[in-house]
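Protein chains in written order, with full-length UniProt numbering: chain E, 1 to 306; chain D, 1 to 316.
Careful, some of the hints might be misleading.
Dumping the calculated DSS-like pairs for lysine-lysine here, alpha-carbon to alpha-carbon at most 25 Å [said to hold, decoys possible]:
hint, chain 1, residue 1, chain 2, residue 2
1, D, 231, D, 221
2, D, 197, E, 41
3, D, 197, E, 38
4, E, 43, E, 33
5, D, 127, E, 41
6, E, 38, D, 127
A short list of chain E residues far from chain D (calculated; beta carbon distances all over 12 Å) [stated by the list, open to error]:
hint, residue
7, 32
8, 34
9, 49
10, 86
11, 136
12, 145
13, 167
14, 188
15, 204
16, 205
Example chain E residues on the side facing chain D (calculated, C-beta under 8 Å, incomplete) [unchecked claim]:
hint, residue
17, 158
18, 242
19, 281
20, 288
Since the hints were derived computationally from the structure, they do not count as laboratory data.
All values reported here derive from a predicted model rather than from experimental measurement.
For glycine and all other residues, C-beta sits at the position ideal for the given N, C-alpha and C.
Next come the chains, spelled out residue by residue.
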Amino acid sequence: MSVTEIPWRQDAAASDKGEEHEQPIHEIESYAKQVRRKFLKHKLAVWGLVTTLLLLGIGILAPWIAPYNPNEVTDVFAARPSLMHWLGTDQVGRDVLSRLIYGTRVSLIIGFVTVALYVTFGTLIGMLAGYYGRWLDMLLMRITDIFLSFPYMLVVLVIVSILGANISTIMIVLALFKWPTIAMLVRGSVLSIKEMDYVRASMTLGYSTPRILFRHILPNALSPIIVNATFGVASTILSEAGLSFLGMGVKSPQASLGNMLHDAQSLTVLTDQHWLWLPAGLVILITVLAFNFVGDGLRDALDARP
Amino acid sequence: MGHYIVRRIMIAIPVFFGITLLSFLIMNMAPGNPVDMLINPNIPKEMLELKKERLGLNDPLFVQYVKWLGGFLKGDLGYSFSSFAPVSQLIGERIGPTLLLASSSLLVGILIAVPVGVISAIHQNSKLDYIMTGLSFLGTSIPPFFLGLGLIYMMGIELKWLPTGGMKTLGGTGGISDIILHMILPVTVLGVTIAGKKVRYVRASMLDVLQQEYLRTARAKGLSEFIVTNKHALRNALIPIITVVGAEIPLLLGGSIIIEQVFQWPGIGQLTMEAILSRDYPTLMGLNLVAACIVLSTNLITDILYAAVDPRISYN
Numbered sequence: 001m002s003v004t005e006i007p008w009r010q011d012a013a014a015s016d017k018g019e020e021h022e023q024p025i026h027e028i029e030s031y032a033k034q035v036r037r038k039f040l041k042h043k044l045a046v047w048g049l050v051t052t053l054l055l056l057g058i059g060i061l062a063p064w065i066a067p068y069n070p071n072e073v074t075d076v077f078a079a080r081p082s083l084m085h086w087l088g089t090d091q092v093g094r095d096v097l098s099r100l101i102y103g104t105r106v107s108l109i110i111g112f113v114t115v116a117l118y119v120t121f122g123t124l125i126g127m128l129a130g131y132y133g134r135w136l137d138m139l140l141m142r143i144t145d146i147f148l149s150f151p152y153m154l155v156v157l158v159i160v161s162i163l164g165a166n167i168s169t170i171m172i173v174l175a176l177f178k179w180p181t182i183a184m185l186v187r188g189s190v191l192s193i194k195e196m197d198y199v200r201a202s203m204t205l206g207y208s209t210p211r212i213l214f215r216h217i218l219p220n221a222l223s224p225i226i227v228n229a230t231f232g233v234a235s236t237i238l239s240e241a242g243l244s245f246l247g248m249g250v251k252s253p254q255a256s257l258g259n260m261l262h263d264a265q266s267l268t269v270l271t272d273q274h275w276l277w278l279p280a281g282l283v284i285l286i287t288v289l290a291f292n293f294v295g296d297g298l299r300d301a302l303d304a305r306p
Numbered sequence: 001m002g003h004y005i006v007r008r009i010m011i012a013i014p015v016f017f018g019i020t021l022l023s024f025l026i027m028n029m030a031p032g033n034p035v036d037m038l039i040n041p042n043i044p045k046e047m048l049e050l051k052k053e054r055l056g057l058n059d060p061l062f063v064q065y066v067k068w069l070g071g072f073l074k075g076d077l078g079y080s081f082s083s084f085a086p087v088s089q090l091i092g093e094r095i096g097p098t099l100l101l102a103s104s105s106l107l108v109g110i111l112i113a114v115p116v117g118v119i120s121a122i123h124q125n126s127k128l129d130y131i132m133t134g135l136s137f138l139g140t141s142i143p144p145f146f147l148g149l150g151l152i153y154m155m156g157i158e159l160k161w162l163p164t165g166g167m168k169t170l171g172g173t174g175g176i177s178d179i180i181l182h183m184i185l186p187v188t189v190l191g192v193t194i195a196g197k198k199v200r201y202v203r204a205s206m207l208d209v210l211q212q213e214y215l216r217t218a219r220a221k222g223l224s225e226f227i228v229t230n231k232h233a234l235r236n237a238l239i240p241i242i243t244v245v246g247a248e249i250p251l252l253l254g255g256s257i258i259i260e261q262v263f264q265w266p267g268i269g270q271l272t273m274e275a276i277l278s279r280d281y282p283t284l285m286g287l288n289l290v291a292a293c294i295v296l297s298t299n300l301i302t303d304i305l306y307a308a309v310d311p312r313i314s315y316n
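Same shape as in the complex, but just chain D (with noise of 0.2 Å):
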């Protein structure tokens, strides 16, 4: 186990450096560099220069990268073009609203999924199980946006049963229940669209541990039905959804960018376009960097949780 979880942070490291050397990569196919954006144009060239050989910016690239590495190892993202502020800074200010929309939508995603695959499997193939899957594949089709401009328009709008946007009510003060229902709506667009991906996995899941020889020794025992399904088998059918659920944690990241623009939710999806609008390249890098990094790392934990949890994976 030991040995297992040294080897799998070896794997990381290089991947690591190279989720570093492709974004200083896309980086640089950007236009313009932050001299250019940052100084007036009325400062004459020759200062221009001098300027651009002191940050480095005239170095070989292989130069700037080490340079650029070593700022970020120590936090150091670059400055905004648009507000001059530190990157890290805009960064740390956003991401906590995008955390608690994506962790909210996987935990509800999970809630509806983990039943619904079970009911899917146990009664496979009955009419209850077609209507499950035929749903889950809805929830794998809708374009989120399509869904959010939907709901908008039923709940928010119509309704009038919930607010369509932000995360406060302006001029309000705040409270908890105000933010949960502010995100009721967005976190029913990212549930359903996860959910409908994780039922086929938990359907599979469960489908495969109901063959198990442990389940006729259960059931031989004299165990009720419902502990067999309950505690013998779903138990062991939720250890593969450790992986999954880690696999979602990119498309969460992702996604989050279309239902904060769609529910002006105020986090890092928001601060994406804002900066791609305003052609804030340094941020933009800072925050594909930084999510590359968390994805890096949320890998790395599902992967020793996933060995942790289930004794009979190979350790090679």
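Extracted from the complex, chain E is given alone in its bound form (with noise of 0.2 Å):
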């Protein structure tokens, strides 16, 4: 194949010994060059990604190219889809792909504000765990055992029900209950890592504990807080879509792609005005398939088993 031959080209060149296929190519290329290179041969995961870009544009750009205000009734309600609409008006008589383009918005902040939210925290419990073992260790796990006992939905619901529905409640709360799967996920990798030398030569250097955390152990553990982290955010896009048309996420008149749908348990809305609730649900199977599948494109790449 081309793509790998060029840099081995380039490299026999350089070094101009004149013989030719001897190295493997593995030894020369560098670990960016090939994780973009396992990457870019799973197709799927080149279509996740260019679908994420697209969403991210779409979402940073809302204002600009939303065709109405997503709040602002318009003139005609439960319209079909025309030039003036193009997926037509909701009963209210609101923009449904104006919605759309916010609720999407709506949904990649949630998803990637908890995600950073519960990452972040989760890695410093880990980490402490790992780093720190027996006590410590042991009432970490347990009580991430504990949060990992509820249902993610039941309790998310119940709490978001007391405190009432609103953004940061929302992505507070699902970040409160995701958190420990990161934790396991960063202690099992920190307990590795804490054995091998370049650890014990630093300890032995007496270098501070954020210094060999943060610097020496963290940097190798990221492969698969990366890839958990692409697939957290595919499915915090599903659980707040779940929450909204439950009735219990982002409340109207605030667009979100779950509450979009959540209008759509009445018989009428489902059989004769497909329009307000085929491209909502549509738009939330792509935003996390694209999600998921730039997710197992990392997991290929990174060579990472979270």
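Starting from two chains that each stand alone, build the complex the way the hints lay out.
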């Protein structure tokens, strides 16, 4: 394959040995190049990445590309798709395409912020448990067991219904019951990494614990965290959509992909007004699928098994 | 082995108390208390205070927790704010349909995932493998409520083949066949979601086993390829699946809320939504706590079962 031969040939030319096909390619290739090559080989992952970037673009540019104000009531309600309203209008008369664009933005924000919150917290807890071991490990792992015992959707639903549904509460509660998975993952990586010679060497050299943890251990534990975080964005978007679908997530008038489907529970919408539920459902499906494929591609490319 | 089981149970005990404590703290975030909720507003304040004092609502939080825990251990989960029935009774009435739905879905999910995962692994990197892996991703990525609405629309409304909601036909005799007919759509949705996730595990586990030396030995003995894959490889590949099935229980209990809402299934998922809409906090807390205890005990059973099935597992 030409992709794999190019770096080899360049190297052969540079070293000017005149001997061909002796060094295996993976010795010449840098780690970053290797990851990129493996990722690009995974066609579905590439599709996922392109779609993800597209969705991010839509989310960021929402105020400029949405044809209407998503909360503004236009002159027609429950109108079929037309040139004026490409995806029609909802029962209140708001433009569905604009709501879809803003809904994507809300879903992506919730997905990324929630994952950032719980990955940071879970990584810290996992590093502490794995590095210090003993009673601290025992205590922290029992706490993760406690949090993991609650069925995710149920406990999130219950707490959100008590505290009231607004975006920041939703993100915090979604993160609150998700960090244990990352903590357990990081703990496992740290347990094996801390036995490595380079970590022992830095301990012998008397480096401070934070320096060892963040400069020597964390970078080597990063691959599974990245993969898990990517899958996490997908599952968080799905959870938020589920909450909003049940009417306990993002509240109307603010648009979210889930609450657009909430209204489809009526029979008339389901049978006669497809534009009110099909596009929203498909956008959720495509978004989640794209992030999952990127996660799968990263898992192969980074050779990580979370 | 006996030592391992004892150790595993010892670990579960503090987790159990942690679950009750966390449930209690969540309940305490809820506004209002049973006295304010239950009693008619015309009763003078002094009487209410007296009642609160007698019920121990003015006690320090820790004392309240210990009293409440004592009640819970005796099976007392308090009374519903909306129907005034004991919460344990409400849950008892509704848990049957949920268990029926969840266990059937788990079974269907595994029955789909195992053959698909095995075929994928045997034909690794073939077109068939890519298609099946792609489909399994579709299964995990499709929002269950969207798939549910789609199926209701197609099978229930357009084709009129299947009932779209409930557990029995209204006014019907409600025989087993009627219930099964009502189960097809919700079980399909939950089963597909479960299968999507499991296919990857089965495939990975099977790929792992296919490289083992003992399979080469089996082939060298002259056994047919069919027996090698289906007997020697599959049996060993299915061992890790036990833990994965155990891990599915919390997802099933959580996921059933959405499914029961979409299909009007009269289980604890619907009870949860009813309780949320009527701000019935005692019921919510009871549901939350019971679900967590179910998860805790299934995890315990899974771990013990895993150790029993796979003698290679280390007991430390």
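Here is how each hint holds up against the structure:
At most 25 Å may separate the alpha-carbon atoms for a hinted pair to count; residue 231 (chain D) and residue 221 (chain D) meet this at roughly 14 Å. Only pairs whose Cα atoms come within 25 Å are accepted, and residue 197 (chain D) paired with residue 41 (chain E) is accepted, the gap being roughly 23 Å. With a C-alpha separation of about 23 Å, the suggested pairing of residue 197 (chain D) with residue 38 (chain E) holds against the 25 Å cut-off. Restraint check for residue 43 (chain E) and residue 33 (chain E): satisfied, since their Cα atoms lie roughly 17 Å apart, inside the 25 Å limit.
Annotation: proposed proximity of residue 127 (chain D) to residue 41 (chain E) holds, straight-line Cα distance about 15 Å (limit 25 Å). Taking the CA atoms of residue 38 (chain E) and residue 127 (chain D), the gap is near 19 Å; set against the 25 Å cutoff, the hint holds. Consistency note on residue 32 (chain E): stated as away from chain D, and its beta-carbon is indeed over 12 Å from all of that chain's, at 25 Å minimum. At roughly 19 Å, the least C-beta separation between residue 34 (chain E) and chain D is larger than 12 Å, which holds for a residue marked as non-interface.
The non-interface label for residue 49 (chain E) is consistent with chain D: the shortest C-beta to C-beta separation is roughly 15 Å, beyond 12 Å. Every C-beta of chain D lies more than 12 Å from that of residue 86 (chain E), the closest at about 21 Å, which supports listing it as non-interface. Distance check on residue 136 (chain E): its Cβ is at least 15 Å (rounded) from any Cβ of chain D, clearing the 12 Å threshold; non-interface status holds. At roughly 5 Å from the closest C-beta of chain D, the C-beta of residue 145 (chain E) falls inside 12 Å, breaking its exclusion from the interface.
At roughly 19 Å, the least C-beta separation between residue 167 (chain E) and chain D is larger than 12 Å, which holds for a residue marked as non-interface. The claim that residue 188 (chain E) lies off the interface holds: its Cβ sits roughly 15 Å from the closest Cβ of chain D, which is beyond the 12 Å cut-off. Taking the minimum C-beta to C-beta distance to chain D, about 28 Å, the non-interface status of residue 204 (chain E) holds against the 12 Å cut. With 12 Å as the threshold on Cβ separation, the claim that residue 205 (chain E) sits away from chain D holds: the shortest Cβ distance comes to roughly 32 Å.
Checking residue 158 (chain E) against chain D: minimum C-beta separation of about 5 Å stays under 8 Å; hint holds. Look at residue 242 (chain E): its Cβ gets to within about 5 Å of chain D, closer than 8 Å, so that hint holds up. Because the beta carbon of residue 281 (chain E) sits about 4 Å from the nearest beta carbon in chain D, less than 8 Å, this interface hint is met. With its C-beta approaching chain D no nearer than about 4 Å, residue 288 (chain E) sits inside the 8 Å limit, and its interface hint holds.
In the structure shown, a violation is registered for the earlier hint numbered 12 alone.
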